[in-house]
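S.K.: The lines below spell out each chain.
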Amino acid sequence: MARQMLTEGEELDGFRIGARLHVGGMAVLWEATHPDHDGALLVKVPRLAEGEDPAAIVSFEMEQMILPRLSGPHVPRFLGAGGFEVRPYIAMERIPGPSLLPLIEQLPLPFAQIAEVGARVADALDALHRQHVVHLDVKPSNILTRPTGEAVLVDFGLSRHAQLPDLMEEEFRLPYGTAPYMAPEQIMGVRSEPRSDLFALGTMLYFFTTGERPHGDPQRLSGLKRRLWRDPKPPKALRRDCPDWLQEIILRCLEVLPERRHPTAAQLAYDLRHPDQVKLTARARKQKQDGWAKTIQRRFHPDHQPKFARRSNAAEQAASAPIVAVAVDLSAPDPALHEALRTTVGQIMATLPGARLACLNVLRQNRIALDTTLDEAGNNKHLQRLVELKHWAQPLALPEGRATFHVLEAVDPANAILEHARVNGVDHIVMGARAQSLKRRVLGSVSAEVAAEAPCSVTVVRARGAAAEAAARTPETADTPF
Amino acid sequence: MKIAILSDIHANREAFEACLADADRRGAQRLVILGDVVGYGADPAWAVWRTMELANAGAIVLRGNHDEAAVAERGGMNPDATAAAAWTRDALDPEAKAFLAALPLEAEEEDRLYVHADAHDPARWHYVRDAEDARRSLDAVQARIVLCGHVHVPALYGLTAAAKLVSFKPVTDVAIPLMRPRRWLAVLGAVGQPRDGDPAAAWAMLDTASSELTIHRVPYDVATAAEKIRHAGLPESLAARLARGR
Numbered sequence: 002m003a004r005q006m007l008t009e010g011e012e013l014d015g016f017r018i019g020a021r022l023h024v025g026g027m028a029v030l031w032e033a034t035h036p037d038h039d040g041a042l043l044v045k046v047p048r049l050a051e052g053e054d055p056a057a058i059v060s061f062e063m064e065q066m067i068l069p070r071l072s073g074p075h076v077p078r079f080l081g082a083g084g085f086e087v088r089p090y091i092a093m094e095r096i097p098g099p100s101l102l103p104l105i106e107q108l109p110l111p112f113a114q115i116a117e118v119g120a121r122v123a124d125a126l127d128a129l130h131r132q133h134v135v136h137l138d139v140k141p142s143n144i145l146t147r148p149t150g151e152a153v154l155v156d157f158g159l160s161r162h163a164q165l166p167d168l169m170e171e172e173f174r175l176p177y178g179t180a181p182y183m184a185p186e187q188i189m190g191v192r193s194e195p196r197s198d199l200f201a202l203g204t205m206l207y208f209f210t211t212g213e214r215p216h217g218d219p220q221r222l223s224g225l226k227r228r229l230w231r232d233p234k235p236p237k238a239l240r241r242d243c244p245d246w247l248q249e250i251i252l253r254c255l256e257v258l259p260e261r262r263h264p265t266a267a268q269l270a271y272d273l274r275h276p277d278q279v280k281l282t283a284r285a286r287k288q289k290q291d292g293w294a295k296t297i298q299r300r301f302h303p304d305h306q307p308k309f310a311r312r313s314n315a316a317e318q319a320a321s322a323p324i325v326a327v328a329v330d331l332s333a334p335d336p337a338l339h340e341a342l343r344t345t346v347g348q349i350m351a352t353l354p355g356a357r358l359a360c361l362n363v364l365r366q367n368r369i370a371l372d373t374t375l376d377e378a379g380n381n382k383h384l385q386r387l388v389e390l391k392h393w394a395q396p397l398a399l400p401e402g403r404a405t406f407h408v409l410e411a412v413d414p415a416n417a418i419l420e421h422a423r424v425n426g427v428d429h430i431v432m433g434a435r436a437q438s439l440k441r442r443v444l445g446s447v448s449a450e451v452a453a454e455a456p457c458s459v460t461v462v463r464a465r466g467a468a469a470e471a472a473a474r475t476p477e478t479a480d481t482p483f
Numbered sequence: 003m004k005i006a007i008l009s010d011i012h013a014n015r016e017a018f019e020a021c022l023a024d025a026d027r028r029g030a031q032r033l034v035i036l037g038d039v040v041g042y043g044a045d046p047a048w049a050v051w052r053t054m055e056l057a058n059a060g061a062i063v064l065r066g067n068h069d070e071a072a073v074a075e076r077g078g079m080n081p082d083a084t085a086a087a088a089w090t091r092d093a094l095d096p097e098a099k100a101f102l103a104a105l106p107l108e109a110e111e112e113d114r115l116y117v118h119a120d121a122h123d124p125a126r127w128h129y130v131r132d133a134e135d136a137r138r139s140l141d142a143v144q145a146r147i148v149l150c151g152h153v154h155v156p157a158l159y160g161l162t163a164a165a166k167l168v169s170f171k172p173v174t175d176v177a178i179p180l181m182r183p184r185r186w187l188a189v190l191g192a193v194g195q196p197r198d199g200d201p202a203a204a205w206a207m208l209d210t211a212s213s214e215l216t217i218h219r220v221p222y223d224v225a226t227a228a229e230k231i232r233h234a235g236l237p238e239s240l241a242a243r244l245a246r247g248r
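Protein chains in written order, with the working numbering: chain A, 2 to 483; chain B, 3 to 248.
For reference, chain B alone in the conformation it holds in the complex (with noise of 0.2 angstroms):
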């Protein structure tokens, strides 16, 4: 089965439509989104209602912190990031903050472990930026493969039957073996605010019968994701970081 997995799309409705399409193209005939679903951008009404139906589709769907912070007010986040939750929190009917706030921190299925940050301790948000972070993730589940968001870099980790890690960035549009019974980490790059110089969307396929993660990335009209940014009156750094994939 071929599982398309999205994560960070930060309600940015452009970025988010381009990823599907290009997933549907591809095969995909399953859908999970890893959370973060609003934040930093200016369409989160749109972003919840589009999850929701894909939601009713089948699709699995996680909460990340950005979408705690736009159910309550919570601490921890930098100024722009508190600015937008703010906004997004005015932004959102009451109907769209239940769907969000019901959402599970991970899902299960198979060998796969989904999760939007840590696996460790998903409710406290910890990066997994590195081979050590990329460890205790996996030494704390049983699953084979983690995939997770929230960094916005994509990376890949292995961990080896002699407990050693291999970590890897991956090309874009190559299909990577996942080896069993190694066990792997995928961190995926974000839908609505790339983060490793790359403008581009971010999204990856995972086909399980052969066990290949590829990530891909997608061009999208960053402009109008921008100006509605500036247009909502949102930071402008926020706007800016769009077209610098940064």
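Next comes chain A alone, as it looks inside the complex (with noise of 0.2 angstroms):
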């Protein structure tokens, strides 16, 4: 095994080496260039020297075994490898800013700056677990950002593959991570469940709102397990004004069991993007911590001892918990069409309990027109549609925090309804075609363009009745799609 280090001005499989850039605990980090590639370049080595952490080449080999095979933006890209019987190397894009390490310096962040932070790493966590891999180090030094805003997440030494062998498990019977941000039940050696990402996000939002960390920097397991029993001081209690929302947020991310947090990444983004329609429990208003009866049962009690799961696959986890939008055309309504959808969203919601719903609906505004947001009757027309919209999900009895409202103001209804798809990570639109009308053929159909553009899957639903049919027999229709 090749032990000699790096040094600047060498070449290494066409990587030409520049200034070293950081020391880790367990691996360097060079700048370099590559003819074939443009900008600035990242090769990691590791440290080998005699003595220095097992886990180091371990941890090694799952980052050369994990990087190749991730993609988009929200992870470095991976440009070539050495193995350990040359020189071990791992190649990347360099992304260039500093990490989210300093934001400490100047903690506690506006809540605003919270959420919007919260939501962009939620947002990479979500796109790395659809990948199916873990990432298990989540800390405010592993994620840099893009010139173009998207979070990105660096260091994959501790991840989990579900289609990979897991090389870390079997290795050491000792949990690895970061004290702060371990999840209880990687603390027990679970290492293949999602949401233990939502709790070392949920600790940063914690440790941003708050200037402290949820649970310390335990240095001994014992400190470590601590958190399985003991709760954290809700952030109330350190910031007084810490909205409701926010605290339900994080001290949902900081549940000791994974059912508890938010199902998926996607739907914490969501809760992030939407103060306003995040469903408050107790846990919004807590004010401190529980008392020593409650901890000391959840201590000793045998009962109270949390059991987790080993969960087989991250991505099948988040295909069971989806985000489904529906858009309900409300400006002329039909009730046959409005039962429809309906029953469609039912049944799609009572499969998968994981599931959430937002509900849109698109206020059209006048491209010249100065719009006023009043009628002439004086209402206000965002309420009423608003009002008009639960109106139309209230059949569907959906608990409150299943589904969420809201009237997007825009000239171009698919552009709207695409949009929000895109920002918030929508699996599944459903809609209804609009019906056979001159409006339709002189505007297109809304339907059909929200199908082809979308990123995602889309359902569009038809009414099957006497004036359905009758539709369906004019010969417009034939080469009309939806």
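Keep in mind that the hints were calculated from the coordinates and are not lab data.
Cβ coordinates follow ideal geometry from the N, Cα and C atoms, glycine included.
Hints may be right or wrong, so weigh each one.
Result set (DSBU-like, lysine-lysine): computed pairs, CA atoms no more than 35 angstroms apart in a straight line [what the hints assert, rightly or not]:
(1) LYS287(A) / LYS234(A)
(2) LYS226(A) / LYS280(A)
(3) LYS166(B) / LYS308(A)
(4) LYS226(A) / LYS171(B)
(5) LYS171(B) / LYS230(B)
(6) LYS166(B) / LYS226(A)
(7) LYS4(B) / LYS166(B)
(8) LYS230(B) / LYS99(B)
(9) LYS289(A) / LYS308(A)
(10) LYS4(B) / LYS230(B)
(11) LYS171(B) / LYS308(A)
Every beta carbon over 10 angstroms from chain B, so not counted as near; a handful from chain A, in silico [claimed, not checked]:
(12) VAL29
(13) GLY40
(14) ALA113
(15) GLY224
(16) LYS382
Restraint ranges, calculated between C-beta atoms of paired labels, are given here [to be verified]:
(17) GLY84(A) / VAL143(B): 15 to 23 angstroms
(18) ASP123(B) / PRO97(A): 52 to 60 angstroms
(19) VAL424(A) / VAL143(B): 54 to 62 angstroms
(20) ASP123(B) / GLU86(A): 25 to 33 angstroms
(21) ALA125(B) / ALA310(A): 39 to 47 angstroms
Both chains come to you apart, so use the hints to assemble them.
M.R.: Here it is as structure tokens:
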């Protein structure tokens, strides 16, 4: 096994090595360039000298396995690697700019910034989980930001890929991770739970809000395990003006049992982007930690020991808890279509208990005329639509928290629906086909445009009845999609 | 180089043809057959003839316990296997038997060892069913990668520098890096009689350039293969299990 270190100016498989950027616990980072790749690159070399932690080797192997299999804006692009038989390294795209670490100098952060940063990190975690990977070392220093705004996750040395052998789990009995951010199940040796990353993100949000870490920075296993039975101080106890919605989100992320956290990173991002729609529970207004009686029971009573299941697949879990958006046309009510739309949505929600529903309506704005928010009778149009939207959803009888309601004001309905789907990571759009009319012939079909452009599945619903049958018989529908 | 590895064909013509076609479509440049060309299935003569043809074209072919039983009677098999072996002996001509009898028990190529069963003592036909069996095989040989069959359920075992073993159930169609310098033992699924609950025929592609192994599953005409087994008068259970993949 080669052990010699790199030096500046050296060439390695076509990578020209530049300045040494960082010496970490397990690896050294070098700046590099390559004639085939634009811009600055990064070469990561594991620390293999005698006496170094053997985890350095295994975590390097894991990163070498996982990084080439990841794609998208939320990870650095993989460019090449060398194995242990010659000289081990991983080359990747270098993301310019600092990690989230400098934010810690400015704590506590404004609430809007906490939600904004949190939502971007949740987007990145969602993208990772959909690629079958749990990160397991989410912390400010492992999160970079692209100039275009996307959060980028780095360092997959402790990560776990559901479809590849887990070399970490077999090698080490002690949990590996970063003490303040490790989820309870991770401390107990579970490495397959995507919601461990949500716990870590919750820890970051707590830190950003209060300036303190919810469980400190314990250095021993016994100290790490304390978070299994001792709840953190509620953020409001440290920052009195912490809004209910933010405390609700943070404490939900920090739940001991993963099942009590948000089902997916996408659903967490959704909450962070729609504070007014967060379902508040007892967590939201908690002022102090649980009392000693409750805590002692959690610590010592055998019936209160948390049980952690091993999950098989991060991506499967994401698929079972999708965000479904239903676009309801309230401008020209069609009772048969409304009913058909509700039936379809009801069936989806009944099949997938983890799913949440975003009910959308587009309030059309005129391109030229200056719109007023009031109609001729002086009613607030936006509010009126919201009331009608809730009325449409009422027969679905969804509990609070499973459905949210959004009136989007836009010139182009299709664009507004598509934009909402993109920004919020919607998995499935359900909408009605507009009835045959002069308007549709002139404007084209909104559902056709959404179906063609959407980043996700689209179901277009039609009412089957006398009116629909008659419309289907007219010749012009033959070549009009939807 | 992309190497297609097939094991446990068991005289199932429909499954064998489907796997060969799939391997060809995926760009296999070399073929290795890990034994048990015959036994259980209704097309032993065709399976041996096709295998001879492939061997003449450069394929590595090894001997399995059922190939051995098709040449001369041997004990230690369950009643269904014994009945199938007797039927197979009658169905094969002397040339086919001579071909099977002459097959080697193992073959080594670069950093790889091919063998039908446990590499520790190939002639005893022990199964590699768990990490301890895998360790015994890996300890007995020098090769970095050992590829075997016999169990009819795909599995992968990796040995670390600290002599610890990782065991892993391979996911279909996902390339698994057999990281260097770790040592690995892969148990292939069966072409002709899968037993992991998935009736689709199993084979594997090894890409030596990237050191990646991928398990592929191919649907084939199970009904025809099962019908032929019934028509030949072989035990019903051998026909029925193909549809269950157990």
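S.K.: Each hint needs a verdict: does it hold in this structure or not?
M.R.: Hints, verified against the model:
Distance check on the hinted pair: LYS287(A) and LYS234(A) sit about 9 angstroms apart at the alpha-carbon level, within 35 angstroms; holds. The suggested pairing of LYS226(A) with LYS280(A) holds, with an alpha-carbon distance near 30 angstroms, which does not exceed 35 angstroms. Of the supplied pair hints, the one linking LYS166(B) and LYS308(A) holds, its CA atoms being roughly 27 angstroms apart against a limit of 35 angstroms. Among the hinted pairs, LYS226(A) with LYS171(B) is consistent with the structure: their alpha-carbon atoms are about 31 angstroms apart, no more than 35 angstroms.
Among the hinted pairs, LYS171(B) with LYS230(B) is consistent with the structure: their alpha-carbon atoms are about 32 angstroms apart, no more than 35 angstroms. With a CA separation close to 27 angstroms, the supplied pair LYS166(B) and LYS226(A) stays within the 35 angstroms bound. Note on LYS4(B) and LYS166(B): the hinted pairing holds, with a Cα-Cα distance of about 29 angstroms set against a maximum of 35 angstroms. With a CA separation close to 22 angstroms, the supplied pair LYS230(B) and LYS99(B) stays within the 35 angstroms bound.
Between LYS289(A) and LYS308(A) the alpha-carbon distance is near 26 angstroms, which keeps this suggested pair within the 35 angstroms criterion. Taking the CA atoms of LYS4(B) and LYS230(B), the gap is near 33 angstroms; set against the 35 angstroms cutoff, the hint holds. Only pairs whose Cα atoms come within 35 angstroms are accepted, and LYS171(B) paired with LYS308(A) is accepted, the gap being roughly 24 angstroms. Distance check on VAL29(A): its Cβ is at least 21 angstroms (rounded) from any Cβ of chain B, clearing the 10 angstroms threshold; non-interface status holds.
Against chain B, the non-interface label of GLY40(A) holds: every CB pair exceeds 10 angstroms, the least being about 26 angstroms. Distance check on ALA113(A): its Cβ is at least 41 angstroms (rounded) from any Cβ of chain B, clearing the 10 angstroms threshold; non-interface status holds. The beta carbon of GLY224(A) sits about 27 angstroms from the closest Cβ of chain B, which is more than 10 angstroms, so the claim that it is off the interface holds. Residue placement check: LYS382(A) keeps its beta carbon more than 10 angstroms from all beta carbons of chain B (closest about 52 angstroms).
Taken as a hint, the range 15 to 23 angstroms holds for the pair GLY84(A) and VAL143(B), whose Cβ atoms sit roughly 21 angstroms apart. The given range of 52 to 60 angstroms is respected by ASP123(B) and PRO97(A), whose C-beta atoms sit roughly 59 angstroms from each other. The hinted window of 54 to 62 angstroms between VAL424(A) and VAL143(B) holds, with their beta carbons roughly 56 angstroms apart. Checked against the given bound of 25 to 33 angstroms, the beta carbons of ASP123(B) and GLU86(A), roughly 30 angstroms apart, stay inside it.
About 44 angstroms separates the C-beta atoms of ALA125(B) and ALA310(A), a value consistent with the hinted range of 39 to 47 angstroms.
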